[in-house]
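Going by full-length UniProt numbering, the first residue of the sequence shown is number 1, and it counts up by one from there.
Mixed in with the good hints, there may be bad ones.
Capping the alpha-carbon separation at 30 Å, the derived lysine-lysine pairs in DSSO-like fashion look like this [as the list claims (entries may be wrong)]: (1) K154 / K122; (2) K268 / K291; (3) K484 / K536; (4) K122 / K100; (5) K522 / K537.
If you're looking for bench data, these hints aren't it; they were derived computationally from the structure.
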Amino acid sequence: MIILQCVNLSKSFGVEPILTNIKLEVQTGERVALVGRNGAGKSTLLKIISGQLSHDSGEVIKPKDIEFGYLAQNTGLESSLTIWEEMLAVFHDLILMEKKLRKMEEEMANPILQNDEISYQKLLQEYDELQITFKDQGGYQYEADIRSVLSGLKFSTDRFETPISTLSGGQKTRLALGKLLLTKPDLLILDEPTNHLDIDTLTWLEQYLSNYPGAILIVSHDRYFLDKIVNQVVEISRTKSTKFKGNYSDYLNEKAKRYELELKQFEKQQEQIAKLEDFVQKNIARASTTKRAQSRRKQLERMDRIDRPAGMEKSAHFSFQIERQTGNEVLRISDLDVQYTNSPSIFKQLSFDVNKEESVAIVGPNGAGKSTLLKAMTKQIPIQNGSIHFGSNVKIGYYDQEQAKLQSNKQVLHELWDDFSLSPEKDVRTVLGNFLFSGDDVLKPVSSLSGGEKARLALAKLMMQKANVLILDEPTNHLDLDAKEVLEAALIDYPGTIIFVSHDRYFLNRMASRVVELHDGKLTNYLGDYDYYVEKKAENLERIRMTQEQSQPIQTNKDKTSFNRDKEAKKLERQRTRRIEEIENTVSTLETQIENYEQSLCDPDIYSNHQEALELQNKIDQANVEIEQLLEEWEELSQST
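Kindly generate the complete structure, drawing on both the sequences and the hints.
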């Protein structure tokens with residue numbers, strides 16, 4: 001079933017077209033990725049689909065009964081409620097339904113109503129129908145769903161009563177995502193949902209979305225994430241849309257094949273055109289061949305000419321160079337203690353070494369102190385104890401994930417030129433051009449730049465420093481997929497040393513020669529790339545688990561057996577109690593029915609009607625037999641206590 005169609009959708013800002021005749025279709029259960037450069041119009045398209053933005057022409061078609069859920073980039077949940085209260089609000093209708101069920105149960109227990117057979121049966125039927133609806137809509141599991149989602153997004157049980165207004169921006173963004181997931185719309189529309197998520201949370205979200213019953217339309221620059229989740233890719237490029245089947249890797253392969261095929265078709269046609277034009281030119285004037293030449297000319301006029309395939313859009317291109325190499329020992333951290341004012345220590349007695357030409361990735365959950373460690377290395381925050389020592393000839397280049405130093409009202413040109421005032425303007429403009437700042441772009445105020453543009457400007461500054469040690473804090477944030485690949489290529493060829501923090505698993509895997517995990521204030525080294533780290537970490541956890549099992553006394557198995565036996569006994573006891581209650585309620589209902597039948601038999605009209613009286617008596621006898629059987633079962637269950 002088609003749940004979303006965009007037909008010839010177009011949108012312009014002023015005279016500049018952003019989207020032109022966009023075609024997009026999403027069917028039930030599909031996972032569709034929108035990909036394209038920063039500024040290509042992906043977020044604009046999502047806003048149009050979700051009704052947040054108007055379009056100039058075309059149609060957005062969806063069935064009336066289909067529900068969309070939209071999460072914009074960096075959307076934070078603003079609320080005066082606690083975390084638990086806000087998540088419960090998603091299930092407002094279920095909570096009201098549950099209250100109604102409890103009220104109906106109280107009414108059914110009323111002896112007066114039980115004596116009114118018609119009203120009692122009507123209430124029973126309404127109760128059964130409402131209970132089925134309640135169950136089908138998840139009434140018996142919504143609290144478990146809330147706990148599961150909050151746990152996956154790293155909100156522990158002891159934080160459920162925390163007011164949302166006291167949370168950080170990143171936490172509010174995660175909560176907005178969690179609330180949307182709990183609503184379970186038919187189509188999830190997600191714009192960069194992986195922002196502010198650490199690797200563990202990303203892995204959880206991948207598993208959650210893989211099992212999501214509805215359809216998903218997603219924008220993300222996380223290549224691992226797209227490969228795991230999507231089965232269709234729609235590329236937005238040069239204001240147009242192109243559809244590809246498969247995940248992100250499949251899209252890249254298919255795109256390359258299509259370009260190669262289209263180029264061959266174009267070149268083949270160009271050869272054919274050249275031959276026809278040459279024949280016409282040589283033979284049009286000859287009387288003996290003019291008819292044939294005219295025929296070729298008509299063939300040329302009728303030909304549906306193929307345009308040269310557009311190929312790749314212009315990419316940034318740069319490389320990182322150094323002025324001179326460091327000594328073999330680049331960095332030595334010994335017994336480092338760091339803490340913020342009036343806060344507990346982030347880590348104590350931390351020791352860490354880095355040698356020349358290593359590429360060291362620092363990973364760990366949000367809040368572990370990764371960025372703090374980088375800031376301590378670059379002397380942006382004070383340390384309490386220990387030492388940070390850099391080796392000889394070290395020149396540091398630091399990349400800040402927030403681009404905190406790029407908030408000025410300077411023009412882009414002067415923001416870079418002021419830092420490297422001895423460089424000629426031509427050279428500075430050339431560097432900016434390499435980072436896709438051309439023409440009037442270099443005269444924009446820095447404060448007006450997008451996140452991706454600020455990231456490219458910060459990388460331009462970093463490149464011009466010619467530092468031999470790069471310390472990078474989330475360098476792929478705000479970069480589109482193409483820019484990430486260019487950055488990776490530049491860093492792979494970089495002759496210096498790299499220390500970096502990233503949640504981009506694809507980037508980690510390509511860049512890291514060593515992975516250092518920071519967790520609970522401690523560092524663990526893994527001498528390999530990200531895949532090696534994941535594999536070894538899993539092996540270590542399994543080894544620890546097996547060691548713990550082997551170290552447990554034999555009595556453990558007996559204890560486990562005893563626990564399971566007790567658990568089963570309690571389960572059987574609950575079943576026995578429920579069955580006794582059911583029997584007592586059924587017997588009470590049957591006795592009421594018998595009493596009603598006997599009263600009916602006293603009616604002269606019924607008593608004189610032999611057939612009707614016989615039917616009532618049969619019902620009484622059948623009810624008595626059923627009561628007798630139920631009482632026997634009741635007695636057996638009561639004696640088994």
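Status of each hint after checking the structure:
This hinted pair does not check out: K154 and K122 have alpha carbons roughly 47 Å apart, beyond 30 Å. A C-alpha spacing of about 25 Å is found between K268 and K291, which places the hinted pair at or below 30 Å, so the restraint holds. Restraint check: the Cα-Cα separation between K484 and K536 comes to about 27 Å, which is no more than 30 Å; the hinted pair holds. Pair hint K122 plus K100 holds up; C-alpha atoms about 15 Å apart against a cutoff of 30 Å.
Between K522 and K537 the CA atoms are separated by roughly 15 Å; this keeps the pair inside 30 Å, and the hint holds.
Violation of the numbered hints given earlier is confined to hint 1; every other hint is satisfied by the structure.
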